[in-house]
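A.B. asks: Using the sequences and the accompanying hints, generate a full structural model.
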Amino acid sequence: MYTGRISTETATSNDIINILNAAEELKLSELAEFLKDHLMHKVINNPQYQNHVTRCSDKHRSHMNNNGGKMKLVGAGPGDPNLLTLAAYQAIQDADLILSDKLVPKEVLKLIPHNTEVFVAAKKFCANVEAAQAELNRVALEALKQGKVVVRLKQGDPFLFGRGGEEFLFFRSHGYIPQVIPGISSCMSAPLLANIPVTHRGVASQFLVCTGTGKNNTLPEIPTYHPARTTVFLMACHRIKDITKVLINEGNYPSDCPCVVIERASCTDQREIRGTLSTISDIMERVGHTPPGTLVVGQASFQTACLRPTIARITNFKGLSNFATIQNSQPVSRTYGGLKDQDRIFTNLYSRHDFRLKGALKRGDWYKTKEILEKGHEFILQEIKSSGLRGRGGAGFPSGLKWSFMNKPPDGRPKYLVINADEGEPGTCKDREIMRGDPHKLIEGCLVAGKSMNATAAYIYIRGEFYNEASNLQEAINESYAAGFIGKNACGSGYDFDVYIHRGAGAYICGEETALIESLEGKQGKPRLKPPFPADVGLFGCPTTVANVETVAVAPTICRRGGKWFASFGREKNSGTKLFCISGHVNHPCTVEEEMSIPLKELIERHCGGVRGGWDNLLAIIPGGSSVPVLPKSICDDVLMDFDALRDVKSGLGTAAVIVMDKSTDIVSAISRLSAFYKHESCGQCTPCREGTGWLMNMMSRFEKGYAVPREIDMIEELTKQIEGHTICALGDAAAWPVQGLIRHFRPELEARMRSYAIATPDKDLSKLSSAAPGLSPGIL
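Residue 1 is where the sequence shown starts when you use our numbering, and the numbers rise one by one after that.
For the record, the hints were derived by calculation from the structure and aren't laboratory data. Be aware that one or more of the hints could be misleading.
What the hints assert, rightly or not - DSBU-like mimics (lysine-lysine), calculated; alpha carbons at most 35 angstroms apart, straight line:
{"#": "1", "residue 1": "K145", "residue 2": "K241"}
{"#": "2", "residue 1": "K650", "residue 2": "K241"}
{"#": "3", "residue 1": "K362", "residue 2": "K375"}
{"#": "4", "residue 1": "K601", "residue 2": "K526"}
{"#": "5", "residue 1": "K106", "residue 2": "K245"}
{"#": "6", "residue 1": "K705", "residue 2": "K526"}
{"#": "7", "residue 1": "K601", "residue 2": "K408"}
Stated by the list, open to error - Label pairs and their in silico Cβ distance ranges:
{"#": "8", "residue 1": "Q206", "residue 2": "G359", "range": "50 to 60 angstroms"}
{"#": "9", "residue 1": "K102", "residue 2": "P409", "range": "23 to 33 angstroms"}
{"#": "10", "residue 1": "P410", "residue 2": "G609", "range": "24 to 34 angstroms"}
{"#": "11", "residue 1": "R747", "residue 2": "E475", "range": "31 to 41 angstroms"}
{"#": "12", "residue 1": "G202", "residue 2": "N468", "range": "43 to 53 angstroms"}
{"#": "13", "residue 1": "P410", "residue 2": "D714", "range": "26 to 36 angstroms"}
The beta-carbon is built from N, C-alpha and C at its ideal position, and this holds for glycine as well.
C.D. replies: As structure tokens, then:
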């Protein structure tokens, strides 16, 4: 076998033929070792690298500098040993002593020769970091005085956060000038390996790296928000609750700003935990955390990232191919909307056909339900996850992930599925149509969703005013029991599952999941503090999942047709079909099922006959129910109806209740009525909501008349920010967002109204208004 070396500069054709023939005789592992040895020979003999790589044969001769030993600060990369630099690998092989800590992965430590001494500061935690660092320095100095080559492995890059700079100064002060060998930092590699381009045209043009731990384990200085910036925090996950809170409260980051925690980037057990600044700490508390982790904050973390974790080993690294598909995954010519009848899930929304079992069977309900149940909960969860279904009640949380939280080892407690049919959002009427015309879809959905969680029963909490809907639903439940579809041995599958109806009393707050559970237990409908979350301690103290009517009702069809079928509709991360409730100043108000991501203008013109008086007569639209910010016509011209597109224009899909207002609308009066609604529906448990909604109502009442001064616009905007994100549930946010949307897009209307009032009432002294209590009424002043 050929075992010589060739040079790319002097090689002959025979040399190349010889090495190719040798490669054919080698096994893959032998070939890799052969090529590595050949590459090392080339590097070592290149003068350009002499300061970074030493020959193994020269190891002991290079020990001695002016003080006898040699110190190296070596970047160990993010975790995968294949991402070590060649100089770092050679330094590990040449070392007499290697110092490490708990952050350097075991896969890298396995590269250390068996006869090399290793000292791992395994207990270098926040509480004793100073003592552990001092011990590492002491051990290193002792070895250096003995003339040894000491390598200090540093996670990522030696000089990028951590204590690399301090260590350099420490050893230099003792007469040893360390050689610094760079490494790939997690701040660069972790986002890439999670398919997150930190800079992305039209999304993020800035990239900022911060530490999550200041000196003496204090909270570091937090950067302020910039919408076009991606911020990466290293060493932040152990105090993520504090950091996210400060980002929102002091850094002016939106509470719904997307973020991702990337654990053990590049390792085989890499995991990504996704959420928003207001939810990520709770999610991590629920699912646990395996350090080290990197926190990525900004729109880029949600704009193009996959929902499934990426295992980013070099042997099957797909980062570049995934980046290529980011731009090409949705062709430019792709349009959305125009859902075909054969693709509709809800075919009796207008109750034109029989809602009972006979009619439901004709429409395909209960078809192959037994087969779905017998395939087990893992099959159902996988189909729901692959479908990309997100909650249809407003939050848009991935349903497959939410349902999977229930699959924990049994502890003797029953598990429950609770259906939120307390549809009280102004403008929303989709769930009501399902329960009136297609109740069997909901009952079958309860059975399938319940099986995915191994629940024993479903409780449908229906709004008390829905008398006809509750009657139809109860009749459908009775028919299902009689047919053997639910109850003991449901559908002959061996699975026992019961369904019950509970009627509410009309409280809007009971649409919040924990308030609903409280009401279901016979208590006052007031939200609970979380944690514990319902998936751990819910109804009657048992594991519980609360889901929306529409979300559950589509589950059987997804399982029958396949998750990929459902995912073929709409944009990525916004997939499926959706019920839209369109009301207000349109020619034909309706509830219609359409493809996600349909343009708002097309939705209205295709299904409602357009805006009353034509599209040019449009003033504004509330796209997702009363709790999301209003949008002016200029944005409505092009915006798509999905979670991400509406979030990008600072609104939301919510319940997809589209409220259309033409130019005859008094927009200030409309938002004022919403403020009065939220004041009326506040449960009063949280001070910011209890007091703040009253102030909003009173101030908006004055704004409606024009009895205010322009300075008060900034005052009420600040008031909404003091309410937003400071309450147990999201009702405070829902009260704040309509006012914020009004100020954002219709501030000139507010100012003009105030000027007109001042001109019309010159006898009124308005100079003291902005310094008075915000909620004071004209009568008091």
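A.B. asks: Quick one: which hint numbers does this structure break? Sort them smallest to largest.
C.D. replies: 1, 4, 7, 10, 11 and 13
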